[in-house]
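**Student:** Listed below are the residues making up each chain.
Protein chains: 2
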Amino acid sequence: MSQNRQVVIRELPKGELTNDHFELVDGEMPGVDEGQVRVRTILMSIDAANRAWMQGATYREAVKAGDVMHTYSIGEVVESKDPSLSEGDIVAVEARWADYVTVKARHAQKLPDYRPLTHMLSVLGIAGKTAYHGLIGVGAPKAGETVVVSAAAGSVGIFVGQIAKALGCRAVGIAGGQEKCDWVVNELGFDACVDYRGGNLFRELKAACPDGIDIYFDNVGGEVLETVLFQMNMKGRVVCCGAVSQYNADAPTGPRNLPGLIVVKRLRMEGFIVMDFADQDAKAESDLMGWVKEGKIVVVEDVVEGLENAPRALTGLLAGDNRGKRMVRVAPDPS
Amino acid sequence: MSQNRQVVIRELPKGELTNDHFELVDGEMPGVDEGQVRVRTILMSIDAANRAWMQGATYREAVKAGDVMHTYSIGEVVESKDPSLSEGDIVAVEARWADYVTVKARHAQKLPDYRPLTHMLSVLGIAGKTAYHGLIGVGAPKAGETVVVSAAAGSVGIFVGQIAKALGCRAVGIAGGQEKCDWVVNELGFDACVDYRGGNLFRELKAACPDGIDIYFDNVGGEVLETVLFQMNMKGRVVCCGAVSQYNADAPTGPRNLPGLIVVKRLRMEGFIVMDFADQDAKAESDLMGWVKEGKIVVVEDVVEGLENAPRALTGLLAGDNRGKRMVRVAPDPS
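The listed protein sequences derive, respectively, from chains A and B. Here the numbering used here is used: the first residue of the first sequence is 1, the next is one more, and so on. Here the numbering used here is used: the first residue of the second sequence is 1001, the next is one more, and so on.
Hints may contain errors.
With a Cα cut of at most 16 Å, we get these calculated EDC-like pairs of lysine to aspartate or glutamate [unchecked claim]:
(1) B/K1064 / B/D1082
(2) A/K283 / A/D250
(3) A/K104 / A/E34
(4) A/K235 / B/D1276
(5) B/K1104 / B/E1079
(6) A/K142 / A/D211
(7) B/K1265 / B/E1301
(8) B/K1265 / A/D276
(9) B/K1180 / B/E1285
(10) A/K14 / A/D276
(11) A/K265 / B/E1061
(12) B/K1265 / A/D211
(13) B/K1235 / A/D276
(14) B/K1180 / B/E1301
(15) B/K1110 / B/D1067
(16) B/K1104 / B/E1087
(17) B/K1296 / B/E1285
(18) A/K265 / B/D1276
Restraint ranges, calculated between C-beta atoms of paired labels, are given here [what the hints assert, rightly or not]:
(19) B/E1061 / A/G295: 46 to 52 Å
(20) A/E79 / B/D1211: 43 to 49 Å
(21) A/P83 / B/K1142: 51 to 57 Å
(22) B/R1115 / A/K283: 52 to 58 Å
(23) A/D333 / B/K1142: 44 to 50 Å
(24) A/F230 / B/H1107: 29 to 35 Å
(25) B/E1094 / A/L12: 53 to 59 Å
Because the hints were derived from the structure by calculation, they are not lab data. Glycine included, C-beta positions come from ideal geometry on N, C-alpha and C.
So that you can see chain A by itself, here it is in the shape it has in the complex (with noise of 0.2 Å):
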């Protein structure tokens, strides 16, 4: 009854993160104060951005070695002391990998009683949001303007280019391996997809975005936005969500053509993260429940069974194995 597994980062990584810098380990089962709750994990979120965490402080903490691996999480509530939640009660987040962890009750954020949970992970959690804020609210997308995503076949990816058809744009992505950009096309619905790996992306990208392209939603940076910059129109935007070629390297090497090309062709390069557009959210699930629906948008969920598989499901996604959302599944779903 006491027990309570945790993963633990053992060492923070210099380079590339690996399984071994995690180790799986017997916990104690925490104990809960006035105000707090003890929440049972159901599901994880596996994200490229918990690798930047380990970088140093973002716009969240800092992961530190001898921590139990953060992470964004829903689970049950197993125990209150906080007259706002009760047991039973389904609640989303910011834990651990472990099987309890202890929470203030008003950080914990109650769910309302959809199901399958899974896409509170997915398209109506951070990956949904972050695709539905970063391209409508940055980007700005008009409809018949092109609209390429690079980590197409991601979690944030296979949204942008789902909503972006929804929206009337052509959609291109930009994936790692020619099977998983048919995937995109596809199964997906995006208008074409370029294998960054191919060794020709400036060529065939100008082949899939004949009239150019008006706006890039960056989630890779690196080389890959060095190339896309040179084809972006006049008065493009790049929506900057993420760098995850960056994430695992030394030495980050940004895009050379810069600020130049910002210039020359009047470019918006802007940063978001999906809480500066919270006062949208409610319209934002509105919209993505609707596209669901009406079928205009495919939801593709990658979960790994299993707390002890967590770092090879984070390993994995880093190295671009994933397909959609990924997330763990820790405990099933009491429902």
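Chain B: place on chain A using the hints.
**Tutor:** Then chain B, alone, in the frame of chain A:
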């Protein structure tokens, strides 16, 4: 009477532009067809962008080997075969480094009766308007914010800082050499100016901007941009105006901390050129003239005498030897 001295670009530079890339020759006096005017050059604008024109087509046609060097100039109509212009009119034209040019009358912009003419190339010209539109239209400054501008002693930079002060912002310059920095503070009224050649740009900038940087008006790109980005505040704006550090470079280098910092700090980097804001020019001129009259803007002009000295005026500018708007006087003001 037929003399028309011209400065030809003998070959395009691969790396650094030198005076030897130019040659003064004796050219033909150009004829005047219907719809054209012959213009006697009075003042030629000398700009870092002239060097960028040699790197290929930008927002205008490229300069090619064998061309009489391109320029933006102010001159007097000496012969007109178009009803819209008369002899004696003062016009602004896309011209050449030459005593005389012939252009289509509709490409010549008749200037108002205003003196000194030099102001039409500085505070009321592209330099002043670039500073105004970039800082206000792109940067959107609020009173109390910290504005940093590179090439602070240059044609645009001197106005950026002074406009920032007029709007109630803290103005901090970056320039090359302590003497130039002292001049920016003492003569132009900037709050501080940091010598990027001093070896401690990061630390000195931090000291000069204790509350961080809200707007960076970037005229230089490269390492200075990279350094400034680390000190930008959340939701900061980078106004991308030029990249003079790159124009003489064989292999451009981009800021290595991009796009990561753009995401983390939710920065906006946006490029512009002065023509994008043509619809705001009247307000810009009115505001700028008002600030000059009120003594809030000191107009500094750097006039080099003689067409034959145009090459060294440009190469010197690229080496940073100017203070304020550089121009070449080819002929006296006829008035």
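**Student:** Taking only the CA atoms, is the gap from B/K1180 to B/E1301 under or equal to 16 Å?
**Tutor:** The given pair, whose Cα atoms are some 15 Å apart, holds under the 16 Å limit.
**Student:** Look at the Cβ atoms of A/D333 and B/K1142 and judge whether their distance stays inside 44 to 50 Å.
**Tutor:** 49 Å, holds
**Student:** B/R1115 and A/K283, beta-carbon distance inside 52 to 58 Å?
**Tutor:** 57 Å, holds
**Student:** With a cut-off of 16 Å on the C-alpha distance, tell me whether A/K265 and B/E1061 pass.
**Tutor:** Holds, at about 14 Å.
**Student:** Would the pair A/K104 and A/E34 pass a check requiring their Cα atoms to be no farther apart than 16 Å?
**Tutor:** OK: A/K104 and A/E34 at ~9 Å, within 16 Å.
**Student:** For the pair supplied as a hint, B/K1265 and A/D211, confirm whether the alpha-carbon distance does not exceed 16 Å.
**Tutor:** 32 Å, violated
**Student:** In this structure, is the beta-carbon distance linking A/F230 and B/H1107 contained in 29 to 35 Å?
**Tutor:** Holds - the Cβ-Cβ distance for A/F230 and B/H1107, about 31 Å, lies within 29 to 35 Å.
**Student:** Sort out whether B/E1285 lies within 16 Å of B/K1180, counting only the CA atoms.
**Tutor:** With Cα atoms ~27 Å apart, B/K1180 and B/E1285 exceed 16 Å; violated.
**Student:** Hinted pair, alpha-carbon criterion (16 Å max): B/K1104, B/E1087. Please report holds or violated.
**Tutor:** 14 Å, holds
**Student:** If you draw a straight line from the CA of A/K265 to the CA of B/D1276, is it 16 Å or shorter?
**Tutor:** Within the cut-off at roughly 11 Å; holds.
**Student:** Does the structure keep B/K1265 and B/E1301 at a Cα separation of 16 Å or less?
**Tutor:** 37 Å, violated
**Student:** Hey, A/K142 versus A/D211, does the alpha-carbon distance stay inside 16 Å?
**Tutor:** 14 Å, holds
In summary, the structure is inconsistent with hints 1, 2, 7, 9, 10, 12, 15 and 21 from the numbered list given earlier, while agreeing with the others.
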